[in-house]
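*Asks:* Letter by letter, the chains look like this.
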Amino acid sequence: NAGVTQTPKFQVLKTGQSMTLQCAQDMNHEYMSWYRQDPGMGLRLIHYSVGAGITDQGEVPNGYNVSRSTTEDFPLRLLSAAPSQTSVYFCASSLSGGHTDTQYFGPGTRLTVL
Amino acid sequence: KQEVTQIPAALSVPEGENLVLNCSFTDSAIYNLQWFRQDPGKGLTSLLLIQSSQREQTSGRLNASLDKSSGRSTLYIAASQPGDSATYLCAVVYGGSQGNLIFGKGTKLSVKP
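So the protein lines, in turn, are chains A and B. The C-terminal residue of the first sequence carries number 114 in the working numbering, and the numbering is unbroken. The C-terminal residue of the second sequence carries number 227 in the working numbering, and the numbering is unbroken.
No lab work stands behind these hints, which were simulated from the structure alone. The model shown is predicted, which means the values in this text are computed figures rather than measured ones. Backbone N, C-alpha and C define an ideal beta-carbon position, used for all residues, glycine too. Any given hint could be a false lead.
Said to hold, decoys possible - Footprint (simulated), chain A over chain B, 3 or more residues, beta carbon under 8 Å:
1. 160-171
2. 218-227
Unchecked claim - Straight-line distance between alpha carbons at most 20 Å, and here's what the computed DMTMM-like set of lysine to aspartate or glutamate pairs gives:
3. B:K115 to A:E59
4. A:K9 to A:E72
5. B:K156 to A:D38
Here chain A stands alone, though its shape is the one from the complex (with noise of 0.2 Å):
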C-alpha cells in the first residue's frame, strides 16, 4: 500500500490564482481530512468527508472547497489565493473516524503564496 499520497510537494502561487491539492488514499478508508500547519499554531482541521458525497467544514474552512466522488480522492481547492493561505497543508485518512481508528497522514504541500 502506498497510503496516503499529496500532490504537489511544494508550490508557489501569486495571490489570486487558484489551485487544487491532491490526496489520494489506498487503504479503502471512508474518513478523509485536510489540515494545515502553521508556526505558532498547531494544526487545524480545514475541511473532512466521511465518505464519498459528504463532506462538512472543519475550524479554518474560508477559502477553500473539497468534494470527495470517490473513496480514494479527495482533493483540496483554493479558490483565490491570499498570502494568508501560506502554510503546510496535510492530508489524512482513517478507516471510518471511529474512536478506535487511527489516522494516517500524507507527507503535506508546502504552499507558498506570493
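Chain B: place on chain A using the hints.
*Replies:* Just chain B now, kept in the frame of chain A:
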C-alpha cells in the same frame, strides 16, 4: 472549546535518559487521544492511540498514559536515542466529532549523543 496544551515546547536530553512528555486537554469528554511523531519537513506518524476507556498503551520503548478525569496524558520514552529526535504531537478526538483531531503545538525533542 477543547484546547490541547503540550509542555515543554522543547526538550534536550543526553542519550540514554528516560523522559516524559506532557499533554493536557480542557474537556474530558474525549473519544481517544493519539500521540504522533513529526520529523522536520515530513508528515505525521502515529505512535500510540489510547481509547477513552483505556489507561495506557505501550509500543516498544514508548508508553502513553491517559487520565481523562484530570485531562492529562503522558508519553514516556525509555532509554532515549538520537533517532528519537523529532517533534511529538498530542491530539484528541473530542466527543461529538467524527474523527476530527484537536492538536497541541508539540514538544520538540533533541537527544544528544
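*Asks:* Now, for every hint given, state plainly whether the structure supports it.
*Replies:* Each hint tested on the structure:
Coverage of the region 160-171 of chain B by chain A holds in this model, with 4 residues showing a Cβ closer than 8 Å to a Cβ of that chain against a need of three. By the rule of at least three residues with a Cβ nearer than 8 Å to a Cβ of chain A, the coverage given for the region 218-227 of chain B holds, with 3 such residues. Between B:K115 and A:E59, the direct Cα distance comes to roughly 11 Å. Compliance with the 20 Å bound is thereby established for this hinted pair. With a C-alpha separation of about 19 Å, the suggested pairing of A:K9 with A:E72 holds against the 20 Å cut-off.
Between B:K156 and A:D38 the alpha-carbon distance is near 14 Å, which keeps this suggested pair within the 20 Å criterion.
Violation of the numbered hints given earlier is absent; every hint is satisfied by the structure.
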